[in-house]
Structure formats: C-alpha cells, structure tokens
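Participant: Here's the letter readout for the chains.
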Amino acid sequence: MARFVGYIAKRVLSYMVMIFVATSLTYFLASAFMSPRSNYESRTPRPPQESIEASLNATNLNDKTPILERYKTWLGNIATHWDWGKTPTGSSVNEEMSSRLAASVQLMTLATVISIVVGVSLGVYTAQRQYQWQDRFFGGMASLFMVVPTVVLAILIVFFAIEVNQLAGTRLFYVTGLSSYDGTNPFMALLDFLQHILLPTVVLTIISSVGYHLGQRTYLLDEMHADYVRTARAKGLTRKQAIRKHALRASLIPTAVSVAFSIAGIFTGAVMTEKIFAIHGLGEYFINCINNNNIHGAVAVAAFSGACTLVGALLADLFAAALDPRIKMS
Amino acid sequence: MSDEIRQDAPMEEKGMQEGSTDSEPKKAQLTNAELELLADEMGASGIGEVKRIGYFSLIGRRFVRQRSAMTGLVILALLALLAIFGPHIAPFTYTDPDFTALNVPPNATHWFGTDGGGFDLFASVVHGLGRSLAIGLIYSILTTIIAAVVGTSIAYVRGIPEKIGMWLLDMLLIIPSFLLVAMVVRAASGTQGWAMLIVGLTAFGWIGYARTLRTMALSLRERDYVRAAKYMGVSPLKTIVRHLIPNLGSILILDTVLGVIGGINSETAYSFLGLGIKAPDTSLGYLLSQGSSAMLSAPWIVLIPSVVLIVLCVSMQLIGDGLRDALDPYSRAAGSVEDDADEDDSSN
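Chains as they are written, first to last, in numbering that gives the first Met the number 0: chain A, 0 to 329; chain B, 0 to 347.
The set of hints was computed from the structure by calculation and includes no laboratory data. Virtual Cβ for every residue (Gly too), placed ideally from N, Cα, C. A hint or two may mislead.
Among chain A residues calculated to face chain B with C-beta under 8 Å, some are [what the hints assert, rightly or not]:
1) G139
2) M140
3) I154
4) I156
Below, a list of computed lysine to aspartate or glutamate pairs in the DMTMM-like style, where the Cα atoms sit at most 25 Å apart [as the list claims (entries may be wrong)]:
5) K277/B / E40/A
6) K9/A / D95/B
7) K9/A / E161/B
8) K277/B / D95/B
9) K239/A / D134/A
10) K234/A / D221/A
11) K239/A / E222/A
12) K162/B / D316/A
13) K244/A / D226/A
14) K9/A / E40/A
15) K9/A / E222/A
16) K237/B / E161/B
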C-alpha cells in the first residue's frame, strides 16, 4: 500500500511540474501573439494614450512592461491569492470562469453518461454479431459519424429541428441556450431545460459514442478469441455465459481507461457544440478569449484543461490498476 | 531443397495444380515460390511462368479488388476534378457579387444559388473544396513526416534523451493545441490565412501521432537489422531514415490517408469559428458559418457545403478502409478463392 501511495505521489508531482511548464509556455506564447492594446486602440473615439496605458497597467497586460516582469506579477497573484488575472475589460477571470463552468458541467455530464452507455452497449451488441447485418449497419453508421465534421453534424441537426418545429407549428426544440423559462413552476422549468439540452446532447452523444462503440467492439472481439474463453466454453458454459462472465469483464478494462479520460472532459466543455447552440460554457469562453485578446482568460482555460487532462490520465492509471489484476504498480 | 518447400505449402500446391492447366505437367506441380527459386538458379532471365510482384503493385492489386475502395477513389477523383476545373467552368467567380441576384435558390444561372451578398455559391463551394483538399493533403503529409522522424528518433536514442523527449511530448499534449493554432492563424491576413492555417495545424498536429509511432518503433529498434546497422557504424540519422521509418511504411501510408480527413475537419471547425479562413478568401467552413445564420431563409447555403463535406470525408474514409484491408496481410482482400479456403482452415 505504501508503495502504491508513493507511486501516486510521484506521478502527481511530475504532473504538477508538467502543468506548470505548459502553462508558463502558454502564457509566453499568448502574450506574444495576442495584443490587448489593439482592443483599446481600435475603439472609436480612440481613448487618450495615458488612459490606454493606465488600463493596460491596471490589468497587467501592458506590452511595454518587460514580459518577465508581467509574468512574475501574474504568477505571484496566482500563488498568493489564486487570482488568475484580469480580462482587458478589467473583470476577474476567476469569476467569469466559475460562472461558465456550471453550464459546461450541466451539458457534458448528461452527454458523457449517455454516450458511454450507448457506445459500450452497441459495442457489446455488435461484437457478438460480427459480420451480421446489425454489425454492418451500426459499423457503417459509426464510420460515417466518425468522419463527418462536428460542425456539419450539428448544423444538420439544428436544421431538421427547425423544420420539425415549423411542421409542428410550435417550438418543440430550442436550438440556443440552456433555459428560457422565467416562471416558478419546477416541472415547467425541468421541461424547458430538457427541450434546450436535448439537441446538444444528441450531437455530443453521437460524436463520442462512436469511439466507445468501435473500441468496445474491437476489445470484446479480441477477448472472445482468447484461450480462456475457449476453455470456459469447453467446460460447458454457453457462448453467452462465457462472454458475459469472462470476455466482457476483461474487455471493459481498456474502455474504462478511455472513460477516465472523458470524465475530465466534462469540465472543459465542447467548443464546437457550445458555439453552435449558444451555450455559455467554458468552450465558448475559450473562443471568446482568443477573439478578444483576453490573454489571462485563455491561459487560465488552457491551464484548467491541462489539469483536467492529467487528472484523467491519473484516473485512467487507477482504473486500470483496480480492474486488471495483472497490472502491478511499480 | 524443393521437396522441403513442397511439404511446407501443400495447400498452395493443390491450388496451382488446379489453376494452371496449359503449362507442362511437371512444372504445374511446383508452387510459385519454387518456380521463383528455380528461376534464380537458372539465372536472371529464367522461366517465363514466374511472375514477381513488387510490394506496391501487390498493394495496388488488393486495393483495386475492393469495390467500396474504388468507389471512394472515383468520388475523390471527381471532387478533385471539380476543384481544379470548377473555377474555369463557373460563369461567376467567388469574389464578384452579382447584385441582381441576392439570396436566390439554385437555378440555371447560379447552379448552387447565391448568398445574401450575391456571391455565387457554386464558385465559392468549388473554391472552398480546393482549399479543403489542399489543406487536408498538405497537413496530412507534413504531420506524417514530422511525426515519423520525431517518434522514431525518440525511440531510437533510448536512455535519458528518450525520457526528456517523452516528457516534452506529454507536456505539449496538455496545452490545448486549439488555442495555439487559433493564435497563430488569427494573426494572418485574409488571403494568406489558408497557408497559415496549414502551418498552425501542422505545428501542433503531429504530437499525439509521434507518441503512437514511438510506441510502434519500440519493437523495431530491438530488431537485428537495426542492431547490425548500429554496430556497423551507420549513423543514427541514416538508420532512422533507412531502417526504422520504411518498416512503419504501411502504417504511415494509412495514417496519411486518414489524416486528410482530420485536416479537412479542422479547417471546417476553425473557419466556422472565424479563426481560420476569413473573407475575402472562402472555404467550406466559412460558408457554413455564413449559411448557419440564414438557415431558414436560404437553406441551400448551409446544405450544399455540408453535403460536399460529407461526400469528401466519406470518400476518403472508403479509400482508407480499402487501403487498410490491402495492407493487412490477413485481410480478405488478400486473396483468391483457394487462399480464402486456406485462411478459413487456419482460423477455425
């Protein structure tokens, strides 16, 4: 046990160093490529020079200050107050991010759970019917959805939803935002939320369940042809029993590892889907940061998603260790 | 010598016996491999029956045998022709608006209709298709080359440099490449945007791929021929280029084809978000973003580029699948009837 804790501690430490270096690198790159000064200079009427300098200094974004000095101030604020800096307009990055995090989590939790369930069950279902028409049908669908750009998929779904709305003469599906109901009836609020979240969830589910489906199918097929499954059959188990009791369990290990990675994605959101459905989550915030020369915001999102990726990697290690008796921590 | 071989391959021998009726009976007993050996003994010009196939013509043959792969290739060829010659046959160019026809649906003058600014959609789609193809191809080839060199080099050097290299790759992977690409591309101007997009996508697109190739090169670096090259004093660079990379060849070819889809998808995503190709240039992703705001009044603006993108990506996917089967020595694309029977026997 002590060895296990030591191993995890070592990994976490190495990950922290990695995040620190990656975030610093992002900070320098972002400072080189983004110019918050242009936000002020392009305003009409152009503000006086002193006021531009004053605003840039107040937000620690002035490119006339040496980059290392700005970096030191920025890093000091994070280390002492957990303050990730200010946007060019002067508001706090921490506040903006925390308000958007909730929307991303709402959107992604449902989609992640559904896509895991749908993807894994389709994988198990098709693996047992390899080369039969069900396998060919779902496999064909999967390879279609795998290559179609997310934008196209989302736009076509929005298009058909609008057509359905027009045919029905009422708004069955909402294609923007997460809620539009102001009343107090909790049942109506839930219904309204479901109407909003349905389409983005469908898009996200289609995109991510494809990976689970094809992965799970391959893993299960590999295991189904393994010696121990043949032994189980030879000892008198039916095909179904042998698969359920032996092959399925082993085939879930690699899937669990990829699930671990996707759990971290719940918090970082989905850039394209949020943009198309106008959901104000972290993914959309990221694009806005890039478009508005919001250096501190972009770096904070990058650091956050880096941290999530590494938590996912750590979770994946733990999952694999917990599920696979052959893996020894060393 | 030939007796041994005959024992090793009884299946093929039977096949040959049935297959070749017009040649001499004695030679019909021999397998192709034996004929080849005989030919070697008799000198280069040898006997006529021996047919040698090179690696690439073998792959080509297996590829052509598959109907879906050929369908994909034909569709891709048609799209490429459209992208090359489309701008010349179109009565309008994508830069000149026709103010007499704003937002008109597809008709005889404007084959794909026009958008709100009067720009001919056919000209724009054809131009965008060319952009997508160019970006996808160049991006894919460049990332494959970089990933192959970096991935195999990291595997080859071993020890501390390998650890440092992997650490750097891990670190580059956790920075969202989306941010980096967007920053690089956003600074570019409208007409140079597509070149910058390729640079940005390539600069950060090879990292995950290099990791995969390094894992594959781990077993290659233990092979005798690599070790032999090392002890003969062949330089590391030459070993990597001559021995490691060619032995990953089939994977590299396949990933280059499938990488094109990745490039096209990325272009669409960035341009849709306004971070990639911008006006006055145009691309399929840019057209989608224009059309998505007028989905009710002018659905053709968003539907036509969508269909073109789907057809393009699916054709690449079909080619990739066909290539995968052609490169896989155990696949069904490998063989004729008797080969299939052989395969079924061994698998059961």
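Participant: Confirm or reject each hint.
Facilitator: These are the hints, each one checked on the structure:
{"no.": "1", "hint": "G139", "in the structure": "violated (10 Å)"}
{"no.": "2", "hint": "M140", "in the structure": "violated (12 Å)"}
{"no.": "3", "hint": "I154", "in the structure": "holds (6 Å)"}
{"no.": "4", "hint": "I156", "in the structure": "violated (11 Å)"}
{"no.": "5", "hint": "K277/B / E40/A", "in the structure": "holds (22 Å)"}
{"no.": "6", "hint": "K9/A / D95/B", "in the structure": "violated (62 Å)"}
{"no.": "7", "hint": "K9/A / E161/B", "in the structure": "holds (19 Å)"}
{"no.": "8", "hint": "K277/B / D95/B", "in the structure": "holds (16 Å)"}
{"no.": "9", "hint": "K239/A / D134/A", "in the structure": "holds (17 Å)"}
{"no.": "10", "hint": "K234/A / D221/A", "in the structure": "holds (20 Å)"}
{"no.": "11", "hint": "K239/A / E222/A", "in the structure": "holds (13 Å)"}
{"no.": "12", "hint": "K162/B / D316/A", "in the structure": "holds (19 Å)"}
{"no.": "13", "hint": "K244/A / D226/A", "in the structure": "holds (14 Å)"}
{"no.": "14", "hint": "K9/A / E40/A", "in the structure": "violated (48 Å)"}
{"no.": "15", "hint": "K9/A / E222/A", "in the structure": "violated (33 Å)"}
{"no.": "16", "hint": "K237/B / E161/B", "in the structure": "holds (18 Å)"}
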